[in-house]
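Number of protein chains: 4
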Amino acid sequence: MKKLWSGRFTQKTSGTVESFTESISFDKKLWKHDIKGSTAHARMLARQRIITKKEADAIVAGLQQISVSIENGSFPFSSELEDIHMNIESALTENIGPAGKKLHTARSRNDQVAVDLRLYLKDEMKKIVQLLKALQRTFVRLAEKNKGAVMPGYTHLQRAQPVLLGHHLLAYTAMFQRDRERFQDCLKRTDVCPLGACALSGTSLPTDRAYTAKLLGFREVSGNSIDSVSDRDFALEFLSCAAITMMHLSRLAEELILWSTEEFRFIEMSDRFTTGSSIMPQKKNPDVAELMRGKTGRVYGNLVALLTLMKGLPLAYNRDMQEDKLPVFDSVETLEACLEVLDGMLQDLKFNTERLSLTSGEGYSTATDIAEYLVRKGVPFREAHEITGRIVLSCISRNIPLTGLSLKELSAFSPKISGDIIPVLDPAESVRARTSFGGTSPSEVRRQINYFKKLLK
Amino acid sequence: MKKLWSGRFTQKTSGTVESFTESISFDKKLWKHDIKGSTAHARMLARQRIITKKEADAIVAGLQQISVSIENGSFPFSSELEDIHMNIESALTENIGPAGKKLHTARSRNDQVAVDLRLYLKDEMKKIVQLLKALQRTFVRLAEKNKGAVMPGYTHLQRAQPVLLGHHLLAYTAMFQRDRERFQDCLKRTDVCPLGACALSGTSLPTDRAYTAKLLGFREVSGNSIDSVSDRDFALEFLSCAAITMMHLSRLAEELILWSTEEFRFIEMSDRFTTGSSIMPQKKNPDVAELMRGKTGRVYGNLVALLTLMKGLPLAYNRDMQEDKLPVFDSVETLEACLEVLDGMLQDLKFNTERLSLTSGEGYSTATDIAEYLVRKGVPFREAHEITGRIVLSCISRNIPLTGLSLKELSAFSPKISGDIIPVLDPAESVRARTSFGGTSPSEVRRQINYFKKLLK
Amino acid sequence: MKKLWSGRFTQKTSGTVESFTESISFDKKLWKHDIKGSTAHARMLARQRIITKKEADAIVAGLQQISVSIENGSFPFSSELEDIHMNIESALTENIGPAGKKLHTARSRNDQVAVDLRLYLKDEMKKIVQLLKALQRTFVRLAEKNKGAVMPGYTHLQRAQPVLLGHHLLAYTAMFQRDRERFQDCLKRTDVCPLGACALSGTSLPTDRAYTAKLLGFREVSGNSIDSVSDRDFALEFLSCAAITMMHLSRLAEELILWSTEEFRFIEMSDRFTTGSSIMPQKKNPDVAELMRGKTGRVYGNLVALLTLMKGLPLAYNRDMQEDKLPVFDSVETLEACLEVLDGMLQDLKFNTERLSLTSGEGYSTATDIAEYLVRKGVPFREAHEITGRIVLSCISRNIPLTGLSLKELSAFSPKISGDIIPVLDPAESVRARTSFGGTSPSEVRRQINYFKKLLK
Amino acid sequence: MKKLWSGRFTQKTSGTVESFTESISFDKKLWKHDIKGSTAHARMLARQRIITKKEADAIVAGLQQISVSIENGSFPFSSELEDIHMNIESALTENIGPAGKKLHTARSRNDQVAVDLRLYLKDEMKKIVQLLKALQRTFVRLAEKNKGAVMPGYTHLQRAQPVLLGHHLLAYTAMFQRDRERFQDCLKRTDVCPLGACALSGTSLPTDRAYTAKLLGFREVSGNSIDSVSDRDFALEFLSCAAITMMHLSRLAEELILWSTEEFRFIEMSDRFTTGSSIMPQKKNPDVAELMRGKTGRVYGNLVALLTLMKGLPLAYNRDMQEDKLPVFDSVETLEACLEVLDGMLQDLKFNTERLSLTSGEGYSTATDIAEYLVRKGVPFREAHEITGRIVLSCISRNIPLTGLSLKELSAFSPKISGDIIPVLDPAESVRARTSFGGTSPSEVRRQINYFKKLLK
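Residue numbers (the numbering used here), protein chains in the order written: chain A, 1 to 457; chain B, 1 to 457; chain C, 1 to 457; chain D, 1 to 457.
You may find that some hints are simply not true.
Because identical chains share one entry, a pair is satisfied inside a single copy or across any pair of copies.
[Unchecked claim] Once the Cα atoms are required to be at most 20 Å apart in a straight line, the calculated PhoX-like pairs of lysine-lysine come out as: (1) Lys-36 to Lys-54; (2) Lys-127 to Lys-32; (3) Lys-377 to Lys-54; (4) Lys-350 to Lys-12; (5) Lys-12 to Lys-53.
To be clear, the hints were calculated from the coordinates, so they are not data collected in a lab.
Assemble the whole structure, with the sequences as input and the hints as a guide.
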C-alpha cells in the first residue's frame with residue numbers, strides 16, 4: 001500500500017520501522033472521535049466553500065459507512081497505514097473516490113490527533129466524574145446506615161480516639177469531592193478545540209475554526225496554532241488527577257484489607273467480591289482491594305511516562321508524542337474499572353459494628369477527653385495532658401482500662417477530678433461531645449450527610 | 001529537655017531516633033505561618049472564653065517576641081524539641097509562663113502542621129502566579145518587538161513552515177496562561193482551613209473554627225475532621241502543577257540551548273547570563289537554560305516522592321506525612337528561582353533576526369503553500385500533496401531551492417500552476433497568508449498580543 | 001465453570017470482579033514457561049514417588065498436547081479461569097483425567113508464577129544481552145569505517161574541541177558494555193528457582209527442589225520459602241537496567257535527531273528509516289529516533305509502577321503483585337524493539353564527513369590546544385587559559401577564526417608564542433595530539449576498537 | 001572576585017545567575033574527595049614532569065592546609081567561586097602562589113567532578129554494605145533467639161499457615177543479602193577512574209592516567225574520554241539499588257507498624273524508639289517505622305529525578321548534570337540513617353511470642369496440612385483441596401476451629417481421614433513437618449541461620 005506522504009521518498013519504509021512506528025494497534029480506540037472530527041471538518045469545509053456541499057455529503061456518508069463497518073468488526077485495519085487517521089481516510093477514498101482526497105484539506109494529523117484525544121478525554125472524564133459521584137452516594141448511604149456505630153479512630157495506626165463509623169466513611173466522600181472538582185477543572189482546560197491549527201501554523205485557506213469547534217461541542221477554540229499541536233497539558237493534568245484519585249483508592253484499599261484481617265475483623269466482604277487460594281482451602285482474600293492498591297503504581301507510572309516524554313521537547317509536534325496515548329488509555333481504563341468494582345464491593349460490605357464498638361473503648365481512647373475535662377476545670381492544657389499521661393501510665397502498669405480506676409484513684413492525680421468524670425470515660429459520650437465543626441459528634445455527621453446529599457442530588 | 005508528650009513514657013528517646021525523627025531542621029521555614037496560626041488560635045480561644053482575654057494577649061505578645069528573635073537570628077532552635085511547633089510553644093511557655101501551656105488547647109500538631117503548610121503554599125502559589133504573569137508579559141513584549149521577524153517553524157525538529165518569531169514566542173505565553181490557571185484552581189482547594197480538627201475527631205471544647213479561619217484569611221473551613229488531618233491533596237496538586245510548569249520550562253530551555261548552538265545561531269545570550277569553561281577558553285555556555293532543564297527532574301522526583309509516600313496510608317495522620325514538606329519546599333524554591341532567572345535572561349536575549357529570516361526560506365518550507373495553492377485551483381488535497389512532493393524531490397535531486405525552478409518547470413508538474421505561484425514561494429508571503437484563527441499571519445499574531453495584553457493588565 | 005478454590009465459598013464471584021481480577025489476558029504470554037515449570041514439577045513429583053511415574057507421563061504428555069494447541073491457536077483461553085496456571089491445569093485435567101488433579105501437589109500459584117516470570121526474564125535478558133552485543137558490533141564497525149573523520153566534540157551543546165567521529169561512536173559502545181554487564185548481574189540474581197516454596201512455608205511432602213531447579217536449568221535454589229514468593233527484586237532490577245539502557249538510547253536518539261536537522265546536517269538517514277508528513281510534502285522525519293526517545297518515558301514509568309506497587313507490602317504474597325507482569329512485559333518488548341530497529345537504522349546511516357570536518361575547525365575549537373601549547377612552554381595553566389581567552393575574544397570581536405591571526409598578532413598575546421603554534425591550530429593536528437589514555441587520538445581510537453573487537457568476539 | 005574562566009567575557013555574571021548556578025552550597029560535601037583527587041593529580045603531573053616536584057610538593061602541602069581549615073570550619077566558602085573545585089583551587093593559589101595555577105593542567109572540572117562523585121560513592125557504598133551486614137547479623141540473632149516461636153504466616157494479609165518467627169525474620173536477611181550484592185556489583189562499576197579525560201577528549205600533555213588511578217585506589221581507568229565525562233550510570237545504578245533497599249525497608253516498616261497495633265499486638269517497641277502525641281497522652285507511636293516507610297518515596301523520587309535529568313542529553317557534559325549530586329547525597333544520607341536507626345530499634349524489640357503462638361492456630365491455618373495429609377493418603381491434590389474447603393466451611397458456619405470437629409465428624413468428609421489426623425491440626429506440628437528445602441521447619445531454619453552466620457563472618 002502506498003503511503004499518503006510518499007511523494008518525495010524513493011525507498012520503501014523498512015518492515016521493522018513500520019511495526020515500530022505504527023499506532024493503529026492502539027489508536028483505533030479513537031475511531032469514533034476521529035470520524036466525529038472528520039465529519040465536522042468536512043461540514044465546515046463545505047460551509048466555507050473550500051469543498052462543495054456535494055463532496056461534503058459524500059464524505060459524511062462515507063464516514064458513516066466506515067463507522068458501521070468498524071462497529072460490526074468488518075473494517076480492515078492495516079498497520080501499513082500507520083494510524084487511525086490514515087486508515088479511515090484511505091478507506092474513505094477507496095469507497096467514495098476523489099472527494100475523499102479532499103477531506104485532509106486545511107488540517108494535518110497534528111491537529112487531528114489532538115482533537116481526537118481531547119474528544120476522547122472529555123467523554124471519559126465526564127464518565128469518571130459520574131462514577132465518582134456514584135461512589136460518593138454509596139459512601140453517604142453507608143455513612144447514614146451506620147451512623148450510630150462507634151469505632152476506634154486511628155493515628156499512626158494506633159487507636160487514638162473513638163469516632164463514628166459514619167464520620168470515617170465521610171472522609172472518603174470528601175476526598176472524592178475534591179477529585180471530582182479537579183477532573184472538572186481539567187475538563188475545562190481540555191474543552192478547547194485545536195482542529196484547524198494544521199501542521200503548526202494555520203492555513204491560507206478560508207477556514208472557520210469556530211464553526212468546527214461548535215459542531216464538535218467545544219467551549220473554546222485554541223488561540224495559538226503552534227501551541228495547539230504541541231500541547232499535551234490536558235493529558236498530563238488528567239494523569240495527575242487520576243494519580244491523586246488512585247492514591248485515595250489505595251488508602252481505602254489498605255483500610256479494607258486491614259479491616260478484613262483476622263486481627264481487626266471490622267468488616268466482612270461478600271464471597272462475590274473475594275477470591276480463594278489454589279492451595280489453602282480456608283482462604284478468603286480481599287483481592288479486589290489488593291489489586292486496586294497495586295494498580296495505583298500503574299497510574300503513577302503512566303504519569304511519570306508522559307512527564308518524561310514531554311521533558312525537553314522543542315516545539316512544535318515531535319513523534320515522541322505518539323506515545324502519549326497508551327498511558328492515557330491505560331489510566332482511563334484502570335481508574336474506571338476500579339471505581340466500578342469498588343462501588344459494587346462496598347454495597348455488599350458488612351460492618352461488624354459490635355466489634356467496632358467494643359474496640360472503640362480499648363486502648364485508653366478517651367484519654368484526650370480526660371485532658372479536655374481538666375481544661376474545662378481550668379487546668380492549662382499542657383498540665384492536663386501530663387496528668388492524663390500519668391493516669392494512663394498507671395493503668396498500663398496495672399493492666400487495667402481507664403474505667404478500672406476508682407473515682408478516688410482518679411482524684412489522686414488531680415484535685416480537679418470529681419464525679420462528673422465518669423461519663424467522660426465512655427466512648428459513646430466522647431463521640432457525642434465532639435461537636436466542633438467537622439467533628440465526630442452525631443450532629444456534625446448528620447450535617448455532613450445532609451451537605452453531601454444536597455450536593456449529590 | 002523534657003518532651004511535652006512524655007507523661008506515659010518511662011525511658012528517654014534514643015539519640016539516633018531524635019535526629020531521625022526531628023523536622024526542625026527543615027520545618028523552621030514555616031515559623032511565620034506557625035506563629036500566624038497560633039495567634040489566630042489564641043484569639044479564637046479567648047473569644048470563646050476557653051482562655052481569658054488576658055491570657056490570649058500574653059500569648060500573642062509572646063509570639064510576637066519570638067517572631068522578632070527568629071527574624072534577628074537569636075532564637076535557639078533545638079532538635080530535641082522535634083519541630084517548629086514544639087520549639088515555639090516551649091519558648092513561649094518559658095517566656096510568658098502558665099498562659100503558654102494553654103495555647104495547645106483544642107488543637108493538635110496534626111491540624112497545626114496542616115494549617116501551616118496551607119498558609120505557606122497559599123503565599124508561595126500567589127507569588128508563583130505573579131512570576132508567571134511577569135514572564136508572560138516579557139514574552140508578549142518580545143513577541144511585539146520581534147513581531148515582523150520570520151523564522152522556520154519546526155516539527156520533528158525539521159524545518160516545516162515559516163512562522164513569525166512572535167507567533168512562536170506567544171506559544172509559551174499560552175502555556176504559562178494554563179499554568180497560571182492551574183495554580184489558581186489549586187489555590188482554591190488549598191484555601192481551606194483545617195485548624196480545629198484537632199488530632200482527628202474535633203473537640204468537646206466550644207471552639208469557633210469559622211472565626212479562626214476568618215482571622216487567617218481562609219475562604220472555607222474543612223468539613224470533616226478526619227479528612228482534615230490526613231489530606232495532602234493540596235500539596236500533591238501543587239506538585240503536579242509545578243511539574244507541568246517545569247516541563248514547559250524544559251522545552252523552552254531546550255530551544256534556547258539549540259538556538260545558542262553554532263549550528264542554529266538564532267540567538268545570542270548576554271555574558272551576564274552565560275558562563276565559561278575551566279579549560280576551554282572560548283566557551284560561552286547556556287548554563288542557566290541547561291540547569292533549568294535539569295531541575296525539571298528534581299520537581300518530577302518531588303511529585304513522585306509525595307505520591308509514593310501517600311500511597312496506601314490508612315487514615316488519619318501517619319508520621320510518614322512529615323516527609324511531605326521537603327519535596328514541597330524544594331519545588332517551590334526551584335520553580336521560583338527558575339521563573340526569576342528566566343525573566344532576566346529573556347530580557348537580555350538578542351535574536352539574530354537576519355539569520356532567522358534567511359533560514360526560514362530554506363528546506364522547502366513553502367511546500368505546503370504550493371499544495372494549498374493547488375487546492376485553491378481545485379486540485380484535491382491528496383493530489384496536491386503528491387504533486388508538491390514530486391516538485392520537492394526534483395529540487396532535492398538537483399540540489400536547488402523551490403525558487404530555483406522556472407515557471408515552466410513548475411507547470412510541468414501540474415497544468416494548474418501558473419504565474420501566480422511566484423509569491424506563494426516566498427516565506428514572508430506564506431506567513432502573511434496564514435490568516436486562519438490562531439495562525440501565524442501578522443494579523444493573528446497582533447490579535448494574540450492584544451488578547452494577552454488585556455488579560456495581563 | 002467452577003473455580004478450583006471454591007470449596008469454602010457459597011456465592012459465585014461477581015462478573016465485574018472476574019474481569020477485574022483476571023490476568024489471563026496478559027499472563028498467557030507465560031504459557032511456555034508455565035508448561036516448562038509444570039513438566040519439571042511433575043517429573044520431580046514422580047521421582048520422589050509423590051505421584052506415580054505413569055501419572056507423571058500422562059501429565060507431561062497432556063502438557064505437550066496443550067502446548068501444541070496453544071501454538072496453533074486452538075486453545076480456548078478463559079477469563080473465568082483467571083490466569084494461565086488455572087487455564088492450563090483445567091485443560092490438563094479435562095484431557096487426561098484424575099492425574100491432572102495431582103499436578104498442583106506441593107506447589108502453589110505463588111511459587112508457580114514466580115518461577116514462570118523468572119524463566120521468562122532469563123530468556124529475554126539473554127536476548128537483550130545479544131541485541132546489545134550486536135549493537136556494539138555495529139558501533140565498532142561504524143567507528144572503524146569513519147575512524148579518520150574529525151568532528152566537533154560538544155559540551156553544553158557548544159562546540160568544544162575537535163574529536164574523531166569514531167571516538168564519539170565508541171562512547172556509545174562503552175555505555176552498552178555497562179548495560180550488558182548490568183543485565184548479566186541481574187541475570188545472576190534472577191537465576192534462582194523459587195518452585196517448591198509453595199504458598200509461603202514449604203511443604204510436608206518429600207519434594208526435591210534441587211532436582212526441579214536442575215531440570216529447569218537454574219543455577220540455584222531459593223533458600224527461604226517466605227522470601228521466595230514475596231520477592232520481586234529480580235523484576236525491579238531488570239526494570240532499572242532497562243531504564244538506564246533506554247536513557248542511553250534517548251541520548252543517542254537526541255543526537256541522531258539533532259544531526260538530522262538542516263542546521264547540523266551531520267547525517268542522512270535513509271528513506272527506509274524515516275517517514276513523511278501528511279501535510280508537508282517536503283518533510284523527512286527522524287521518527288524512529290523520536291519514538292525511541294519517547295519510549296524512554298514508558299520504561300521509566302514501568303519502573304515507577306513496580307517500585308510503587310511493592311512499597312509497604314507486608315509479607316508474603318499479596319495480590320497487588322499480579323500487576324508486576326505488565327510493566328515487565330512492556331519494558332521487554334519496548335527495549336527489544338528499540339534495539340532491533342536501531343541496529344538497522346545505523347547500518348543505513350550516512351555521515352556527512354565533509355561537513356563534520358569543516359565544522360570541527362569552527363568555533364575556536366582548538367583554543368584548548370593553544371592553552372596546552374603555552375603550558376608546554378612553561379606558562380602556568382591558569383595563565384595560559386586566560387591568555388587564550390583573550391586571543392579568542394579578540395578574534396570574536398574581529399569576527400575571524402584563530403587561523404585568521406598572524407603569527408605576529410598571536411605573539412603579542414604572549415612572548416612564548418612562536419612559529420610552532422601553527423600546526424596547533426589545525427583540528428586534525430589537535431586530534432592527533434590527544435594521545436592520553438582514552439583520548440581522541442587515532443592511536444587511542446584504534447586501541448578502543450581493538451579492545452571491543454576482542455571483547456565482542 | 002574574578003571568575004577563572006572570564007578571559008573572553010566582557011560583562012559580569014548577573015547576581016541571580018550566580019546564585020542559580022552555584023553548587024558550592026551542596027558540593028562542598030565533596031571537599032575531601034576533591035582534595036584527594038587533586039593531590040593524586042599533582043603527584044602524577046610531577047612524575048610526568050609536567051610540573052616540577054617542588055611545585056607538586058607545594059600544591060600537596062597547600063591542599064593539606066586547606067583540608068585543615070575546612071575541617072576546623074575556618075575555610076571561607078564563596079558562592080561567587082561557584083563550586084568546590086574553584087573554591088579550593090582559588091584558595092590554593094592565594095596561599096601558595098603561581099604553583100597553584102598549574103594544578104588544573106591536564107584536567108577539567110568535567111572529569112574532576114566525576115572522579116569526586118565516584119570517590120564519594122565508593123566510600124558510602126562500602127559503608128552501606130557494612131550497615132546492611134550489621135542489620136543482617138541483627139536479624140540472624142533475632143531469628144536465633146526466637147527460633148522456637150510459631151506465628152501466623154500471611155498471604156493477602158490473611159493468616160495462611162503457621163511459620164516460625166525465625167523463618168519470617170530470615171526472609172529479610174535474604175532480601176538484604178541481595179541488596180548487598182547489588183551494591184557490590186554497582187561498586188565494581190563505580191570503581192573506574194575518569195580523571196584525565198579532561199573536558200571530553202583527553203589531552204596532548206604526557207599524562208599517566210593509570211598512575212593517578214592507582215594513587216586513588218581505583219580498580220580501572222575509564223577507556224573513552226567522551227564517555228568518561230558524560231556517564232552517570234554509576235549514580236543511577238546506585239539510586240536503583242537504594243530504591244530497592246528502601247522498598248525492603250518499607251515492607252519491614254509496614255510489618256512493624258501492623259505488629260505494633262492493638263489489633264495485632266505481636267511486638268512491643270521500647271520507649272526509646274517510639275514517640276508520643278502532643279494531644280493524646282496515651283499514644284505510643286511507631287514513628288521511626290512510619291518515617292522509614294515515608295522516606296521510601298524520597299529515594300524513589302531521587303531516582304526519578306536523575307533518570308529524568310539524563311534523558312535525551314547529547315554528549316558530552318551538559319550543565320544539567322550538576323543536578324546529579326543532590327539526589328545522590330540525599331539518598332545516601334536517608335538510607336544510612338534508616339539502616340542505623342533500624343538496627344537499634346530491632347535490638348530493643350520485644351516479641352509477644354505467647355500471642356504469636358496463640359494466633360498461629362487460629363484462622364484454620366492448618367487447613368493446607370489436612371490437604372497434604374489427604375494427598376499422602378492417595379487423594380489427588382485438587383480433591384484433597386476441595387474436601388478441606390468443605391471442612392473449613394462447615395467449621396466457619398458452626399463458628400468452631402478445626403480442632404473443634406470430632407474424628408467422626410472429620411471422617412465424614414473423607415473415608416481417608418483417621419486418627420493420625422489429630423497431630424496434623426496442631427500448628428507446631430505443621431511447622432515441624434515443612435522440611436522441604438527453604439521451608440519453615442526448625443531444621444530448615446537452623447540451616448538458614450548457619451548459612452548466614454558463615455556468610456556474615
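Structure-based check of each hint:
1. Lys-36 to Lys-54: within (18 Å within a copy, 63 Å between copies)
2. Lys-127 to Lys-32: within (16 Å within a copy, 39 Å between copies)
3. Lys-377 to Lys-54: For Lys-377 and Lys-54, the Cα distance is within 20 Å only across copies (18 Å; inside one copy 88 Å).
4. Lys-350 to Lys-12: between (64 Å within a copy, 17 Å between copies)
5. Lys-12 to Lys-53: Close neither inside one copy (37 Å) nor across copies (57 Å); limit 20 Å.
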